[in-house]
Amino acid sequence: GQNIDQPTEMTATEGAIVQINCTYQTSGFNGLFWYQQHAGEAPTFLSYNVLDGLEEKGRFSSFLSRSKGYSYLLLKELQMKDSASYLCAALGDSNYQLIWGAGTKLIIKP
Amino acid sequence: ETGVTQTPRHLVMGMTNKKSLKCEQHLGHNAMYWYKQSAKKPLELMFVYSLEERVENNSVPSRFSPECPNSSHLFLHLHTLQPEDSALYLCASSQEDQGTYGYTFGSGTRLTVV
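These protein sequences, in sequence, are chains A and B.
No gaps in the numbering here: position 4 of the first sequence is 4 in the working numbering, and each next residue is one more.
No gaps in the numbering here: position 100 of the second sequence is 100 in the working numbering, and each next residue is one more.
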């Protein structure tokens, strides 16, 4: 079957670094997305990886290993506004086959 | 307006009511989606429209009926819903030949069925 696994909840301290992991199993693979969703708001696009390696975008970086079916989102210099849910999604054989994880709720403490 | 706009933001309806959710995108995208988001569950794809034609229906109950009159507008008609249909309903759009840019989501309609 197709599925995505990511931790349900994580807690981190303001100013620190946190890594949110995601493992996936899909029939066909055309990339891995990360989205951020604040409570009561729309999910917003953070990153897309299709090749192995690390993509850095400011305080956020995303890593992909296709052979391991594994990705992580790395958040540095955490700020209180980073408290949100982070959704991992894998793109299958077509543009419509976006398989979603249940999201990781990240709680930032002062 | 820019982005994807959904109305209403909140909706409470009885099981015998009929209501509609509306979605509008101002991005020039050619594909639109309805998703259901329940607490602690993955997003569930309900319907996909590409170039105003429905291309995917993930076995959604007939009490949900989509309509896509043009590439900018998407509706979800609701009738005789059940309490378990209470959830956040998200609309999204994308440009098919630029799938790697991901989806743009609306803020959702929080639906409560009583």
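Hints are supplied without guarantee of correctness; some may be wrong.
[Unchecked claim] Facing chain B, a subset of chain A residues (Cβ under 10 Å, in silico): (1) Ala42; (2) Tyr70; (3) Ser83; (4) Leu87; (5) Lys105.
Read the hints as simulated data drawn from the structure, not as lab findings.
C-beta: ideal position from N, C-alpha, C; glycine also.
For each hint, the structure was consulted:
1. With 10 Å as the threshold, the beta carbon of Ala42 of chain A comes within range of chain B, its nearest partner Cβ sitting at about 4 Å, so the hint holds.
2. The criterion of a C-beta within 10 Å of any C-beta in chain B is not met by Tyr70 of chain A, whose closest approach is roughly 18 Å, and the hint is violated.
3. The interface hint given for Ser83 of chain A is violated, since its Cβ lies 17 Å from the closest Cβ of chain B, which is over the 10 Å cut-off.
4. Evaluation of the Leu87 of chain A hint against chain B yields a held restraint, the C-beta minimum of about 7 Å falling below 10 Å.
5. This hint holds: Lys105 of chain A has a C-beta 9 Å from the nearest C-beta of chain B, less than the 10 Å allowed.
The structure shown violates the earlier hints numbered 2, 3.
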